[in-house]
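Asker: Chains as they are written, first to last, in my numbering: chain Z, 1 to 113; chain P, 114 to 226.
What the hints contain is simulated information worked out from the structure, not anything from laboratory work.
Incorrect hints may have been included.
Interface residues of chain P toward chain Z, partial, derived using beta-carbon atoms under 10 Å [unchecked claim]:
1. Phe147
2. Gln158
3. Leu214
Positions of the beta carbon are idealized from the N, C-alpha and C atoms, including for glycine.
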Amino acid sequence: NAGVTQTPKFQVLKTGQSMTLQCAQDMNHEYMSWYRQDPGMGLRLIHYSVGAGITDQGEVPNGYNVSRSTTEDFPLRLLSAAPSQTSVYFCASSPNLQGHEQYFGPGTRLTVT
Amino acid sequence: AQSVTQLDSQVPVFEEAPVELRCNYSSSVSVYLFWYVQYPNQGLQLLLKYLSGSTLVESINGFEAEFNKSQTSFHLRKPSVHISDTAEYFCAVSGDSNYQLIWGAGTKLIIKP
Chain Z
1 NAGVTQTPKF QVLKTGQSMT LQCAQDMNHE YMSWYRQDPG MGLRLIHYSV
51 GAGITDQGEV PNGYNVSRST TEDFPLRLLS AAPSQTSVYF CASSPNLQGH
101 EQYFGPGTRL TVT
Chain P
114 AQSVTQLDSQ VPVFEEAPVE LRCNYSSSVS VYLFWYVQYP NQGLQLLLKY
164 LSGSTLVESI NGFEAEFNKS QTSFHLRKPS VHISDTAEYF CAVSGDSNYQ
214 LIWGAGTKLI IKP
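Between the sequences and the hints, there should be enough to build the whole structure, so can you do that?
Answerer: Printed below as a string of structure tokens:
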């Protein structure tokens, strides 16, 4: 089992550019989520999904889109990057539909200049 | 809305000394409580969880946490820390009726040799 994988590990974008952060899991988990981590602020939920075709917004969804066409994949799209989106992004999955016991990927460090 | 407070942003402690990392939550309904650990430059890993039953829960590497409903706390303790425990520790809570974990801001455990 690879667990939760994320690509890329590092990315630098210019303001206004768009990109997609990839996330995949091979544990057949229905629940998947995206967080951003900023110093002193813990983790903030961006979007989550409880199964293929089902997504919902978290605490900080503005500027991000998600889709869930398969159980395995949950990509996060930045529509028009802004410096405020400079952060470390984590994808997670859970065998529990309420998001307990989440398994995290290694993270993507994004810098927007 | 639920919230989680980790009272200390950093806790310095000498190696082999005991440590307590504090976590308080605000909720009037049943909760499920978690501690996650993030080692440097890695994703988060589940350390221990309280779902029901015994209020004292333990991890495989010597940490324990006690659920105290009257004080709405879930403090993390270890009787003797090692340099390998250097990490950031996050407390999280999930209620019955939502699909989100609510996260504390994290506590950095700094082990002094």
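Asker: Run every hint past the structure and note whether it holds.
Answerer: Outcome of the hint check:
| no. | hint | result |
| --- | --- | --- |
| 1 | Phe147 | holds, 7 Å |
| 2 | Gln158 | holds, 7 Å |
| 3 | Leu214 | holds, 6 Å |
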